[in-house]
Each structure stands twice: as C-alpha cells, then as structure tokens.
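Undergrad: Keeping their order, the protein sequence lines are chains A and B. Convert by adding 375 to the 1-based position in the first sequence; the result is the number in our numbering. Convert by adding 375 to the 1-based position in the second sequence; the result is the number in our numbering.
Derived from the structure by calculation, the hints contain no laboratory data. The structure displayed is predicted, hence computed values, not measured ones. Honestly, I wouldn't trust all of these hints.
A pair holds if it fits inside one copy or across any two, identical chains being indistinguishable in the list.
[Claimed, not checked] Calculated pairs, SDA-like style, for lysine to any residue (alpha carbon to alpha carbon, straight line, at most 20 Å): (1) K903 x G776; (2) K414 x M611; (3) K425 x G393; (4) K952 x P685; (5) K699 x P685; (6) K906 x Y783; (7) K699 x L687; (8) K952 x Q516; (9) K699 x S526; (10) K952 x S520; (11) K952 x S500; (12) K952 x R513; (13) K517 x K952; (14) K425 x S453; (15) K952 x A514; (16) K952 x L515; (17) K952 x D503; (18) K425 x G440; (19) K795 x D469.
Number of protein chains: 2
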Amino acid sequence: MPRINFQPADRTIEAEPGTSLLDAARRAGVRIRNDCAGKGVCGRCVVEVKKGNVHRLGGRFELKGGQVLACRALALESDLEVFVPVASREVTEDVSVFEIEALPDRFPPSEALVKRLDLELDPPSLEDNVCDFDRLCRALQKRRSGNYTASPQLLRELSGELRDCGWRPGVTLSAGECGSEILHVGRADSRRPCLLAVDVGTTSLKAELLAPGSRHAASCYNSQVIYGPDVISRIMYCQQNDDGLDRLQGMVVGDINRLLTSLLERAELSRSDVWACVTAGNTTMMHLLAGISPLWIRREPYAGSCYHLPPLDAAAFGIDINAKGKLYCLPSISGFVGADISAGVLATDIAGDPRLSMLIDLGTNGEIVLGSDEFMVCCSASAGPAFEGETSVSGTRAMPGAIETVRYDRGLKCSTIGDKPPVGICGSGYIDLLAVLMEEGIVNKSGKFLDGGDGCMRRSGEDGCECVVVPASMSGVERDIVITQADIDNLLRAKAALYGAANVLLESVGMEWTDLDRIMLAGAFGDKINKENAVKIGLMPDVERDRIEFVGNTSLQGVIRAATDEKDYGLVHELAKDITYFELSTHPDYMQQFMAAKFLPHTKTEQFPTVAAGT
Amino acid sequence: MPRINFQPADRTIEAEPGTSLLDAARRAGVRIRNDCAGKGVCGRCVVEVKKGNVHRLGGRFELKGGQVLACRALALESDLEVFVPVASREVTEDVSVFEIEALPDRFPPSEALVKRLDLELDPPSLEDNVCDFDRLCRALQKRRSGNYTASPQLLRELSGELRDCGWRPGVTLSAGECGSEILHVGRADSRRPCLLAVDVGTTSLKAELLAPGSRHAASCYNSQVIYGPDVISRIMYCQQNDDGLDRLQGMVVGDINRLLTSLLERAELSRSDVWACVTAGNTTMMHLLAGISPLWIRREPYAGSCYHLPPLDAAAFGIDINAKGKLYCLPSISGFVGADISAGVLATDIAGDPRLSMLIDLGTNGEIVLGSDEFMVCCSASAGPAFEGETSVSGTRAMPGAIETVRYDRGLKCSTIGDKPPVGICGSGYIDLLAVLMEEGIVNKSGKFLDGGDGCMRRSGEDGCECVVVPASMSGVERDIVITQADIDNLLRAKAALYGAANVLLESVGMEWTDLDRIMLAGAFGDKINKENAVKIGLMPDVERDRIEFVGNTSLQGVIRAATDEKDYGLVHELAKDITYFELSTHPDYMQQFMAAKFLPHTKTEQFPTVAAGT
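One chain only, chain A, in its complex shape (with noise of 0.2 Å):
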C-alpha cells in the first residue's frame, strides 16, 4: 500500500488506492480544514502534494501546480509527500484559555449538583444494628430530607469505608433521577467537590471548571466540525458512516476533556477532584454526546429520540473525570431548539420576569425564546453560521485576528481581537462590515454591489462581485480578506431569518416589537457589538436603544447556574416543558416575513424609522 507522509507535521500513514487525502489526513491525526464535509464545494482543503502523483477528481475549484483539494485528491499505487499550508490546518487542538474574574473560594455552594457532606454517625451496637446504609441515610435525613440511592458498587464498598474513617464519613452526593445518589464515601476532606461546565457549540465549545478560586474559562474549536460547519452535515455523516456516531461522540468527548485537562492544569487539581460534567448544547449535539443517533432531526417533523436525559455515568460516556462523576446533560425543548437555548431562558430569568422579553441566540443556528412569567414561546429559524463567518470567504471565530469592528474613514478600518494581524472576519466585523458598505453606498438595500468603480471597495473576483476589506499585505494569511456578493447574500440570509422567524412569532401572540421590554441577542459575536450597526442592517429591530441588551453566551452562564444550584436543574427541566415549540417551516408567512426581511434594514422602511430618517 502506498504510504503517505504530511508536512510539516510528519506524519506518515499507509492507505488504500482510492483513499483521499482528506480521509488519509484525518486517520494520520493531521487536521485540515474542511467546511463541506469532503464534497469539494467549499475550497478549505488545499494541500500541495510534493512527491508522487495523485487522482485528481473534477470540480469548481482550478488550482495550481501541486495544489489539491485534499478531498478531490485521490492516492493511486506511489508514495505520496503532502505539504498542509497554515491557511488549511484546522486549529482544533488548540485550547484557548482566558482568564475571568476569580470565583469564591466557598465554591461551588452547598446547593450544587454534587455536594459533600461531613457526617458523624453513631457506631453500631446491639441496641442500634441497623444495616450499615440505613445508618448512613438515617444520619443524611438528619441534614437534608429525601430520598437517597447508591450504585451496587458503592454498596460493596460502603461497610469497608465507614470503619476505616471512625463513622466519620465525607459523602459525596449527586442530585439524581429520585433523589439523591451517594456516589462515594470515604474519608472526610475539606476539598468540595468540583464540577465542569460546557457549552457544546455546534461550532466551538466553552467551559469553566466549577472550583474554589478557579480564575479560567477555557474555549476550543468543535472537533466535529472536519465533518461539516452544521448539525445537518454531522447527521448525514451519521447516517452515511456506520461507526459515524461513535466518531462524533469520540469525538466530542475528546474537546471536553481537552477542556478539562487546561482548566485544571491551571486550577492545580486532578480528574478526581471533578465529580460532574454539566452541558448543555443543541439538540443535536446533545444527542451525539450521549451516543444517541440524531437522524430523526432531521427528518420531517424533525422529532428527536430524547430532550430529558437522566443523570448519566460520565465514565461509561469517556468523560474523563472522577470516575464515579456524573454527566448532566440539560433538557431540550424541540428538534431544533436546544438545551443551549433551555439554559439562555434559565440564565436571562425570562419565566421568572413579569417584563416581555425575547432571546435571540444566534449561533450556528438560530434560535427565539419570547415569554415574560406568564407564557412562553420559541422557535428555530435557519440562520445558518454566516455569522459565525464559517461560510463566507474570509470568515473566521472569533478568535485572535478577527477582524471585530469596521469602520469607514476614507477608506475602511478594521481593529482585531487582540490587536494581532487580520486573518478574518468574526461577527461583530460583518455586521459593521454591512453597516458601512450600505451607508457608503457600495451595495443598494437588496445587499447588490452596484455597479462602477474597479477598486478595492468593488471589484471582480473569481466568485463575482467583491470587496477586498485587507489586502494579502497588511493581513495575516497572505491573501485578501474579502467580502463576496455570496457572502452578503448568505448574511442577508442569515439576519432574514431571524427577524423574519421573530416577527412570525410576535404576531403569533398578537405583539409587536414595540410591546417587548428586553430584546436579548446572545452568541459568540466578539465584545464589540456595534448596537446602532445592527439596526441599521436589520439584524435587530428599531427600538429605544436601552430595550436592546447583548448577553454574550447564556448557554454557559445557564450551565453554571444549573450545576451549582440543584433547583435550577429542576427549574430548567420545568421551563424547558413549558415553552410552546412553534414550527415556522408550516407558518404561512414565515416565506413572506423572510423575503421581506432580506434588505438593509427591510423593504418596510416604516418598520426602522429612525435608519429611515437618518438616511
């Protein structure tokens, strides 16, 4: 079998004729970039092969020289050597940690998801020879009513540990499916029990480590995302791929304990030391967390197999921490309206707050929660990962490089997270990026390049029209960073949907903007979120400014709040069943909503009156 080797990393697999380099590159650990899933539309997966020759499959991409597309690049019966460019090694490995303000050092608080408690039982004697667990929750009951289960493994070990502590026991306790289980018993030890909170993002996954003092929240890429940028590409690669799901949850699993093992070098602690992994995700990625196939998803009527996961046993789902940890995963509300969404609603309080408000979670999806106290409504709008910059030519993470606010002063100005040079265009960059092309009147409200001008603001490019925002020579990645007429038209898309999915949704209630108290845009944007930028392109409505709050990641901040207060964990799984799910698919003016929201701001004017008046 020919051998391949991959540069710089050196690596070196043997594969099968007919293997392509993309599939080679992932069994060799090598990981390159890939956004559509191996179908060679998106142009990530450019590699240079060296030595050898290669298949070459047809496509809409010309290269040059050595250059490839790795998944139209087929290994025939030679020894190949394969250059991967910076441009299209995935930086999945890399764990990025940032620092947050210090937590209590009484931390996590009694009330958290796994407790320990220190007890003084009474020895047995013949007047008191209950059986050994008896005396146990007898002493339990005493500190916290309810009811308490114990796996037949801490059974066998429960006599044993009692004598050997003097009936002073440290009992750990994880709030359980009736009650409470006992995972462990052993010596009393002032250390509380830690826990991990994710957020398992289609496109990234955020966590912090629950600990006394813990000063870290740590974000790494979603290694899932070689298999396609969307939930549906990881379900196809599901159902095309009989170990598919197994990869996937590998997969997962492997970032969370990648999270885990930065977060607590830095915490100075041990696996042992975390007894719960609590995430919350979209539907889908819930799913593949527990090994459970997401193919229903996404078939009509897009019903999943489970929303309302019990209290799992993190060891049996590789979550690498205590190994009698538990694995909490928070509830779903629809098919497309996940746990991620659950937890925005328990993180922004919307059930608990007599005030109207409406969440809007753009992420890789989209997502709209409108409710107050006395109701509560969602639904899912296919934003798609525009936003994200997952789709566009120059889009990128946020992430250090990204272009994160744009401005025009003669010419356009870009600033970059960490002030590092540009590699892209995150969130916050697009929606001044619209902002700017539409004042300075390079795209009409349709979001078209209008015609004239062959210069850097407007010129051809291989897709049509483009506008280069840095060129190869102030940037990072010695290419220009453009915008595309394709790119625009995927924004416009992306932001249509949501207004669109959001105005059906008011009128579904009989509302208006104007009746909401807080309008609440929440994802992973960048800081820099230009308010008056997002109205004047329509992404969020024209309303006093105060009603208009960005909240960052309510996912995580819901996590957090579940795992370190048990009645939120019952208040989550509570509200979860309490939102009305409303399906915008069958809405008959969902279209209608969608198509008039594709402009800059809407085509009804009336709608956005002070961009009207100040254009």
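Model the placement of chain B on the given structure of chain A, informed by the hints.
TA: For chain B alone, coordinates are given in the frame of chain A:
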C-alpha cells in the same frame, strides 16, 4: 509441579507441593463433600490415594490403607492418582425437577414486577413533534400513571424500534426505584415476560419459573456447601481468601443459572423470555448474591451492609436471563433475620391478620416472627442445621432415600422419600427418631443414652454410644445408618435454641403460648412431619393441635407473591422495616430458657401437659 489425577472423574491438574487434595480437587472441578470448611473435623472428605505419596497432617480421624482426609493430605513432589468414593462425592451438580400444579395460561399477571404493554402511539407530526421518549411515556401514562425511566442504552435504541414496529410497540416494564423502568421496546408480542422465583437457602436452592402453564419447580444444592455448611463458614471463607467473595457469588449465581436451565427445558422457553430473577434468602446469602461482603454480619453487633437492595441489572451479576432483565433481592430485616423471613411474613400474611401468629422457620439457622396486624417482633436463634441433617453422622437433606418417618414396632421401622434404599436421616425422620428413643426408654429426658444392652438399639461406636437405625446390609450407602450421642445433643440444642427463643420473644411482649392463634413451622423437613412427635420432643409447644401448621417453604411462597404483584413487592419492603428485631444474644433470660428446653420435651413438664399425661 506434581500432577494430580482424580478418579473416577479423570480430571488432572498441576498443583504446587503443599496443596491439600481438597483444594486441588476444587480447582480440578471435582466436588468433594466437606462440611467443616477444610478444618479436618467433619470427616466427610475421605479419598483414597492410589498412586504416589502425600503428607498427612494429624487429626482426629484414623484412616486405613490409602485412605486420607482430602483436607488433611498435602501433595508432595510426586504425581498422584486419587480416587473419590461415592460417599465423599458432593452431588451439587444435580438439579431435581418436580411437578407442581400448572400455573394459569394468563400468567404472570399484569401486576407482576415485569410486565409487557402493547401500545398504539400517534406517529409524530409537525403539529405534535415531542421527542420519541416523551411520546412513549405519554402513551404509557394513559395506561398506568407514574414515572417512567430508561437506560441510556434503551434511549439509543428507542427511535429505531418505534419506527420499525410502526408506532405499535410492545413495551416491557419493570418495577424500578423511582417508578417503572422501560426495559425494552420492540414489536408487540403476545408472549408474557416470565420471571424466575428463587429461594436461596444456605443448603439448597429452590426455584419456580413463573411462566404461562408452567408445571415444574426445581431444586439443587447450594454449591457453596463445599466451603462449609453454615453462613459463618462462608463468611470466614470470604475473610480468609481474597477472591472468596467473588467465588461464592459465582457459585450461587451458577446454581441459579442451573435451576433456570432445567426449568426452561421443561417449559420449552429460552433465557430471553425471562425478564426478572426474584430472590430471597438469609442476609448473608443476599449479600453474597449481590457481591457485597458479609464480613460484618459475623462480628458484634452483627450489622450487614445493606438490607434493602435496589433492583439490579441481572446481566451485571451473571444471572443468565434476558440481557436486559432485572435481579430483585427481597429485603432483609437484620444480620440474622433475612429476606427469606420477610418473604415468609408476606406469604403467611401475619401483618394482615388480626390473629396472633408465630412463624418459626427452621432452616440452616432458625428464625422466629411473632405478631399480628398490630405489631411484629422477630429474633434469630442459632439453631444450626441439625434438622437439615448436615451436622449428624448419618444426616442427609430431604432427598430420595432420606428416612422421613420412623416408628417403633418391635424394632425401628423407617420409610424413605421415594421408597428408595435408605441413605440417611432427614429432619422429619429425626423428629420421629427422638420421640421413639425417648418413648422406648433408650434415651432419658436429657437425651442421654441409658446404660444397658449392647445391640442395634444401643451400642458403643467410634464416638461413644450410638443407635443403629438401619444396618449397613439394608442401607443404600454400604454402612450403618446411626444416630450418635453427639447427634442427639445437636438436635436437642437446635430445638432448645428455637423453643427458648420463642419463649423469650413471647415474654418480651407479655404473652404466652396459649395466646397464639397460629403457630407455623416453615422449612424443608420432608412432607411427613408428625405433629404429635414434634410436640413430644418439645420442638413445638403443647397447644391445641389445630393451632399448629406446617407451612413448607414460605420463603419461596413469598418470593412468588412479590414477583407476581408489584404491590406485594412494595409491601414486603414495608414489612421488613416494620418488624422489630429482638437481639437474643444479650437477653438475660435467653440462656436460662435455652438450658430449660434442652430436655425431652422440657424441664418444665407443666408446659407440656398432654405429653406428661401420655408417659
């Protein structure tokens, strides 16, 4: 290493010099009778060394020629050939199957611990697209309110199964810790899930297959008897051997599986038809079955690890029923009053009856429950297995050839179970024999052989005075069947322990024998217990005879009730908690009562007026 060949099984193993022949035989899978856990005192493991030399440890038995006690003979450097005579062979491999009244065709009932419901679900639609698990629970709740849980494995299979069966699933449910657990979802199937009910005795196990039309029960010896006849020997074996607990657990599980195999053959069913194994036994046996160390039961204050075990996954414990099936252990009451007694209380309905009842369970140990619908107390008496034949020279279990009745008509006249040649004496035979020996003036009221004569009825044996019940020429075991002074002393100690304990229990609640409406004797004596003789020897009190009942194996009866009615399963857990355990070992009156009862029938003859009048 020397090779040891065992005949007639013709099994050979290598063993280190210094290994006892008993240990070597066990490892070779050759089962040799041994009732003293290898201490060299029971004299049952006699084998013949045909070739090679062994080192003989000293001991109380003088053996001729090549005969040695397997436990006291150690391998040296040479190869050995060892013959195991019939009398020394442990017959634990045998399963006895006997006919019972056929169970109804519609059995087990729909209230059983495992049940199947055939459902019709509304397929999901855009208007009703809750997740598949909620859809299933909604349909279940229409049929039976309550909480429903499922394992991660079931959740993985659920969506596929529901679609495969066209949304008309057969759902198998088991009674769980919090509501019902959904064990299986598949095509609707008219077959009812079957259950296996097992009484796990120290000496033998008895099982019934609860299946439509089932007509058989099965019993076998508890394979653990090779490590000693009583629970104390087994606990010590666990303490002295690192793998002791695992080994004993494997043995009892193996026994259950053997019983199951025999019953399935008769019923023409397969393992996958059996969804639950429901068990009761003494507290130590329940610990061993669940793989929990029984160590602390033996040490003052005799508290076990856990008396109320949750429903367990049968497969994880090696129980060879359906891979998704459950193992239920009924609850114990104290270290020496086990689940067999809880089951007995359920079966005899003591707690639901206004009459004052006493249940005396004379198994390998002896336990007593006294109570009514207003109160219940219980105690344990260390009666020992004398009435099970285990500690007597010619004792045997109630098996074909066991002497079950004895009368005097110019010599001892015996009848055996199945009219087979006599192989030994079982419990009901010993009751008769004691009565006859006393009536005929062979023994005095202290059970001591009286002087005079030297014939069959009274002669000098190896261990002092003894009486020949059946001479070797007429027996089925090529040796005299005898009752020795030591045997009689053991029997008297056993009945005195029980009667004394019953007296203390009565006194402790301010009552007398004559207050009792029902006195029930449970145990495996053989079917032909002579009520008059039981009173004559003071095993039963001298009350109106119609108040005395022989109730058989109430443990198995209770297991069947709990297995076939979820309410009774709940009830037995309540009962086990409601019974007040009375510790005899510290009671000031117990030793005096015990001593007073070590006579035939009793030192206080006024307690046995009809017996006194008869003599």
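Undergrad: Treating 20 Å as the Cα threshold, decide for K425 and S453: within, between, both or neither.
TA: Within one copy only: 12 Å inside a chain, 71 Å across chains, cut-off 20 Å.
Undergrad: Should K699 paired with P685 be assigned to within, between, both, or neither, using CA atoms and 20 Å as the limit?
TA: both (16 Å within a copy, 18 Å between copies)
Undergrad: Give the relationship of K952 and S500 under a CA distance limit of 20 Å: within one copy only, between copies only, both, or neither.
TA: between (49 Å within a copy, 18 Å between copies)
Undergrad: Can you tell me if K425 and G440 fall within 20 Å by alpha carbon in one copy, between copies, both or neither?
TA: within (10 Å within a copy, 87 Å between copies)
Undergrad: From the Cα coordinates, with 20 Å as the cut-off, is the pair K952 and D503 best called within, between, both, or neither?
TA: between (46 Å within a copy, 14 Å between copies)
Undergrad: Please sort K952 with S520 into within, between, both or neither, judging by C-alpha distance up to 20 Å.
TA: This pair counts as between: shortest inter-copy Cα distance 18 Å, intra-copy 26 Å.
Undergrad: Taking 20 Å as the upper bound on the Cα-Cα distance, should K952 and A514 be classified as within, between, both, or neither?
TA: Between copies, since 17 Å is at most 20 Å while 35 Å is not.
Undergrad: Check K952 against P685 for me: Cα-Cα at most 20 Å, and say if that holds within a copy, between copies, both or neither.
TA: within (15 Å within a copy, 29 Å between copies)
Undergrad: For K952 and L515, with the copy left unspecified, which applies at a CA distance of at most 20 Å: within, between, both, or neither?
TA: between (31 Å within a copy, 18 Å between copies)
Undergrad: When no copy is named, should K414 and M611 be tagged within, between, both, or neither for a Cα gap of at most 20 Å?
TA: This pair counts as within: shortest intra-copy Cα distance 12 Å, inter-copy 68 Å.
Undergrad: Is it within a copy, between copies, both, or neither that the alpha carbon of K906 lies no farther than 20 Å from that of Y783?
TA: within (16 Å within a copy, 109 Å between copies)
Undergrad: How do K425 and G393 come out at 20 Å by Cα distance, when the copy is not named: within, between, both, or neither?
TA: Classified as within; 18 Å inside a copy, 70 Å across copies.
Every hint, counting from the list given before, is met by this structure.
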